[in-house]
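Q: Sequence:
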Amino acid sequence: MSEEVQTRPECVLWIDHINRIISFKKAEGFEAKAFPTREEKIVYAFQKSTSGYRIQ
Numbered sequence: 002m003s004e005e006v007q008t009r010p011e012c013v014l015w016i017d018h019i020n021r022i023i024s025f026k027k028a029e030g031f032e033a034k035a036f037p038t039r040e041e042k043i044v045y046a047f048q049k050s051t052s053g054y055r056i057q
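Add 1 to a position in the sequence shown, counting from 1, and you land on the number used in our numbering.
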């Protein structure tokens, strides 16, 4: 995976594991998680939402 793909904003989610929140925008205190494609990012977010994560 190239550096360019990892840093594309449309392929990054921001996650707060303690409060179980996923954000589609950069948020202070959240950990960045990069995906190769937007589709994989969306699938991951929906999977997390079924296990109790809130999406903002």
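Derived from the structure by calculation, the hints contain no laboratory data.
Quick caveat: nothing in here was measured; it's all calculated off a predicted structure.
Careful: at least some of the hints might be erroneous.
[Unchecked claim] Below are the BS3-like pairs computed for lysine-lysine, each with C-alpha atoms no more than 27 Å apart in a straight line:
| id | residue 1 | residue 2 |
| --- | --- | --- |
| 1 | 27 | 42 |
| 2 | 49 | 26 |
| 3 | 34 | 49 |
| 4 | 27 | 49 |
Q: All hints, please: hold or fail.
A: Each hint tested on the structure:
no. : hint    : result
1   : 27 / 42 : 14 Å, holds
2   : 49 / 26 : 16 Å, holds
3   : 34 / 49 : 13 Å, holds
4   : 27 / 49 : 18 Å, holds
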